[in-house]
Amino acid sequence: MALADNADASEAPPKMSILELKRTAAYSRGGADTCLGCHDEDSAFPVLEIFQTKHGSMTDPHAPMAQYQCESCHGPLGEHGKKRLRKGESREPMIHFARQEAVPIMEKNAICSSCHRQRDQRHWPGSTHEVNDVACTDCHQLHIKEDPISLKRMQVQVCGSCHQAERMASKRFSTHPLEYGQMGCTDCHNPHGSTGEKLLTSDSINDTCFSCHAEKRGPFAWEHEPASENCVLCHNPHGSNHEAMLTQKVPFLCQNCHSSAGHPSLAMDSDRLTRPLGSSASLLLGRSCTNCHNGVHGSNHPSGSRFQR
Amino acid sequence: MTKIFCILMLAAICQPYLARAQGFVGERRDEVNVHAWRCEYCPKPEPRELGLKANLGVADEKLYRFANYSGLDGQADVFIDGDLRMRSENGDFWDMRFQHIGLDSAGVEAAYGQQGHYRIGLDYLTIPVRKYENLQTPYSYDNQVLQLPGDWPSSLDARDFASPGLYQSFATGTDWERLGLELSLNEHPWFDFDSRYQRWHKQGTREISAAQLLYATYLPLPVDERIQDLSASVSLDNAPWSMSLTAAISRFDNEFDSLRFDNPYASLIPGAETGELSLAPDNRALKLAAHGQYSYAQASFVKLDYSFAELTQDEAFLPYSTNPNLFQALPRAQLDGKVHTSDLALKLQHSWDRQWAMRLKYRKQDRDNLTDPLLLTPVIADLYLADALTTLPYDFSTQTANVTLDYRPMVGHRLNLGYRYQDKTRNLQAVHKSEEAGVNIGYSANLSPQWLLKFSGERLDRDSSAPQQVDFLGVDENPLMRRFNVADRQQDKARLQLFYTPSELISVTMSGLLSHQDYAASELGLTDNNLRNVSLDIGWHPTQTLDISVFLQHEQIETELVGSDDFSIPRWQVTNEDEIVHYGATLVLRDLWDDRLDLHLSVDRADGRSKISLNRDAQGNTLPSISSLWSHGKLTLVYRLSTNSDISLSYQYQAFDSADFAIDGVVPGSLPNLLTFGALSNDYHINYALVSLGYRF
Chain D
11 MALADNADAS EAPPKMSILE LKRTAAYSRG GADTCLGCHD EDSAFPVLEI FQTKHGSMTD
71 PHAPMAQYQC ESCHGPLGEH GKKRLRKGES REPMIHFARQ EAVPIMEKNA ICSSCHRQRD
131 QRHWPGSTHE VNDVACTDCH QLHIKEDPIS LKRMQVQVCG SCHQAERMAS KRFSTHPLEY
191 GQMGCTDCHN PHGSTGEKLL TSDSINDTCF SCHAEKRGPF AWEHEPASEN CVLCHNPHGS
251 NHEAMLTQKV PFLCQNCHSS AGHPSLAMDS DRLTRPLGSS ASLLLGRSCT NCHNGVHGSN
311 HPSGSRFQR
Chain R
430 MTKIFCILML AAICQPYLAR AQGFVGERRD EVNVHAWRCE YCPKPEPREL GLKANLGVAD
490 EKLYRFANYS GLDGQADVFI DGDLRMRSEN GDFWDMRFQH IGLDSAGVEA AYGQQGHYRI
550 GLDYLTIPVR KYENLQTPYS YDNQVLQLPG DWPSSLDARD FASPGLYQSF ATGTDWERLG
610 LELSLNEHPW FDFDSRYQRW HKQGTREISA AQLLYATYLP LPVDERIQDL SASVSLDNAP
670 WSMSLTAAIS RFDNEFDSLR FDNPYASLIP GAETGELSLA PDNRALKLAA HGQYSYAQAS
730 FVKLDYSFAE LTQDEAFLPY STNPNLFQAL PRAQLDGKVH TSDLALKLQH SWDRQWAMRL
790 KYRKQDRDNL TDPLLLTPVI ADLYLADALT TLPYDFSTQT ANVTLDYRPM VGHRLNLGYR
850 YQDKTRNLQA VHKSEEAGVN IGYSANLSPQ WLLKFSGERL DRDSSAPQQV DFLGVDENPL
910 MRRFNVADRQ QDKARLQLFY TPSELISVTM SGLLSHQDYA ASELGLTDNN LRNVSLDIGW
970 HPTQTLDISV FLQHEQIETE LVGSDDFSIP RWQVTNEDEI VHYGATLVLR DLWDDRLDLH
1030 LSVDRADGRS KISLNRDAQG NTLPSISSLW SHGKLTLVYR LSTNSDISLS YQYQAFDSAD
1090 FAIDGVVPGS LPNLLTFGAL SNDYHINYAL VSLGYRF
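Protein chains in written order, with this note's numbering: chain D, 11 to 319; chain R, 430 to 1126.
The set of hints was computed from the structure by calculation and includes no laboratory data. Hints should not be assumed to be uniformly reliable.
[What the hints assert, rightly or not] Once the Cα atoms are required to be at most 20 Å apart in a straight line, the calculated DMTMM-like pairs of lysine to aspartate or glutamate come out as:
#1 Lys1063(R) to Glu189(D)
#2 Lys853(R) to Glu864(R)
#3 Lys64(D) to Asp130(D)
#4 Lys162(D) to Glu538(R)
#5 Lys767(R) to Asp816(R)
#6 Lys64(D) to Glu611(R)
#7 Lys92(D) to Asp50(D)
#8 Lys790(R) to Glu253(D)
#9 Lys208(D) to Asp197(D)
#10 Lys208(D) to Asp795(R)
#11 Lys473(R) to Glu253(D)
#12 Lys155(D) to Asp966(R)
#13 Lys922(R) to Asp976(R)
#14 Lys226(D) to Asp795(R)
#15 Lys1040(R) to Glu207(D)
#16 Lys883(R) to Glu176(D)
#17 Lys226(D) to Glu189(D)
#18 Lys862(R) to Asp816(R)
#19 Lys64(D) to Glu864(R)
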């Protein structure tokens, strides 16, 4: 039982929470017509655009407007519609979905989840966003014609309001096509929950990448261990200032794992850049290691043991 | 009897639906008759809406790179955007949205159906990927063979290939095209069916390179690839139970299985005048997944997920070499590659009351590579036979367990404490086992109606067995090397976010992120990785017609790497420092000039720098800095001619300036053993103006 904060048993009886009030409140007589008598086109918070959306459908039996209308989500009218208030009396609130409101986020989300719990939302219970008290309305807007997060070109901005580092990475030299909306955050992530790590749409990072980059799936005759294990060992999928979204410049990225006898273990210093350039400069310039070892994701060539064929 | 049985079964299935309430459930629901609510004040949706926007864009110069993803590559871009909505009284709908029709970045999304019953969707998308233009290559392409001109000089020094007459210009880039079809059935609240077919087609030219022992050549690579995916999912929701089954198949087809090329260097032995690269082989994947959940109380449930996939690849092998003097019979015509993956996840969440909850998660993932190892005798650079080697497929098995305790002392406050354990065993290619364990903590609090604080932290320790060196490449690895994905590691992460909303008019978000990975036990390889990121976002909405927002972000990434160039103890160390500063502002003014004019102004700048320092035997050495500076400014004016029409003018400035020693100045003939495409630069400065005329019918 969530009681109002700062209740003192020695004074007036504790105030009931909004949820407790609404649980026993009476529904309106006219449904949405009652609400729209005040919440009309001149309201400070415009609400009418919801009728242009799926939530506002009167013919879909699943939609709130086809059930208890506004009261499906905001709770029964109760005393909220009282015409005259006594001096000093404040209007009984409805269930409101703004973050600052007193209704716990879990309860607000439960209202949405009572309908939205299939398909992409089936993994919401216990998901990362749910347990971290992200409210549905932190990302979604219902009373406007077009919810911004449903547009891919807007997703980086909406998700980036909390995930600033990833939003920043999307502006780097090498990125996925996010700027013009050909891809959005939801192409790789399911914010409602998933079986994979980091809310990925597939079970693993590699499976997620293979949905567009299936040429890397293999299996190959000669496998490159980090590529078969995890794409993000070498790449930053949110964006990077290095070519091909690599986390580090080649050859240093490769030297994190390779120090075998011969050229893989050489110190790649600026002496190699002295003009006229010698042959050792090719270890550092151009595509560096991949000047020769072009098959770093794996090779199916019988002579591809060094990923050169 | 059968009929009665069916009716009873149907009733049993439907009854929970009839009893299940949706939305907020008030106790006095049954007192009202919702069918009597007429909704007379409810605005009725327009039966038809069509919006069209014609656009004409002009740049001050034609820039190939500017068209990357945008499709804006001409000096006069004409394209159309628009949307269509149709609604009937019984819930039939028809939606369409299209953008950039007329450009290489065109896209269409369409959906038809009856809301609450079914939906048929179609989407079409093109993505122009534009890399470099004005590259130089001596090769001409004919029937999967790259050929050199007839007067190509014979030399072992690429500096002898500098004559401009030997080269022709070309550009690298690919066009990605996606077609998607969807069908969803959702008439019954307890049953859903979804299916999707998707096809990617990629065509164009990429860059690849080929080695000839100590020499290498850049080659233009023709690309024609297709990915086709088909999936179907059925889900049942009969609270407190829910379950779903999903099946998916995927195939990758490459029009080109190989690329033959003339060797530009004088052949060291007879027969090595050509080479052949194998390209990405065709492959297939099949996946089945099942999900089940039982919610036995509010915020308490048990969930089980299991998936199984089979990946196969049996592309015919190329010969060992194009050198007829080094011919050998292959042990098998193709790989017959097969990998099975499985993923089992069990999750339990139990809430004792509104204050205490616990979550347990167990996950087991396996990659079981069933491909038979092959004994092959590689031919190196079409020149000589290497020692016979056995292919070693790579697979691994991972188990992960998490337990988390949640405590909510009061509304708006939450504390969680968790423990995580993971063990990973890698087989065949890198025989190795690691165990990682650690704790995580999180705290979030509504400090006041204006302040929200979120903090999370994590410490993980990984212990690894010494890797069993597998010299299947025929090359000894330094025994001191520890690959960072399997090395001992201590990982610390911390994240702090503060959200300040003093009123509805202003919001401030501050966040800081720290991540540190310490591979102190590694004597060679990656030894340290640090990331620091801070950001500030301020949004101010002082009036209905004015919005101002500013942001600033700063990120630093530092890595340290240790190497040994004499196959012994550590001899050199490299420190890589990446720093990026990104800042910008947006101003939106509405209803100016007789309430008809809106103004939107945005400016932002991202400044990235990389510094690489090398230290060997106490001698310092710094490579030239790498930098990238991206600047962008855009001003848009939208004037409403009438309630249905508007005209907009937009001016955009974009500039990208970069310096990268690895690509600047690396022209053909500058290196003795590397034949490049020429100096590559992504720099551009562009002024782009766009006029748009919009009308809504």
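Here is how each hint holds up against the structure:
no. : hint                    : result
1   : Lys1063(R) to Glu189(D) : 14 Å, holds
2   : Lys853(R) to Glu864(R)  : 6 Å, holds
3   : Lys64(D) to Asp130(D)   : 17 Å, holds
4   : Lys162(D) to Glu538(R)  : 12 Å, holds
5   : Lys767(R) to Asp816(R)  : 26 Å, violated
6   : Lys64(D) to Glu611(R)   : 19 Å, holds
7   : Lys92(D) to Asp50(D)    : 17 Å, holds
8   : Lys790(R) to Glu253(D)  : 37 Å, violated
9   : Lys208(D) to Asp197(D)  : 13 Å, holds
10  : Lys208(D) to Asp795(R)  : 19 Å, holds
11  : Lys473(R) to Glu253(D)  : 52 Å, violated
12  : Lys155(D) to Asp966(R)  : 26 Å, violated
13  : Lys922(R) to Asp976(R)  : 35 Å, violated
14  : Lys226(D) to Asp795(R)  : 19 Å, holds
15  : Lys1040(R) to Glu207(D) : 32 Å, violated
16  : Lys883(R) to Glu176(D)  : 18 Å, holds
17  : Lys226(D) to Glu189(D)  : 25 Å, violated
18  : Lys862(R) to Asp816(R)  : 29 Å, violated
19  : Lys64(D) to Glu864(R)   : 49 Å, violated
Violated hints, in rising order: 5, 8, 11, 12, 13, 15, 17, 18 and 19; the structure is consistent with all others.
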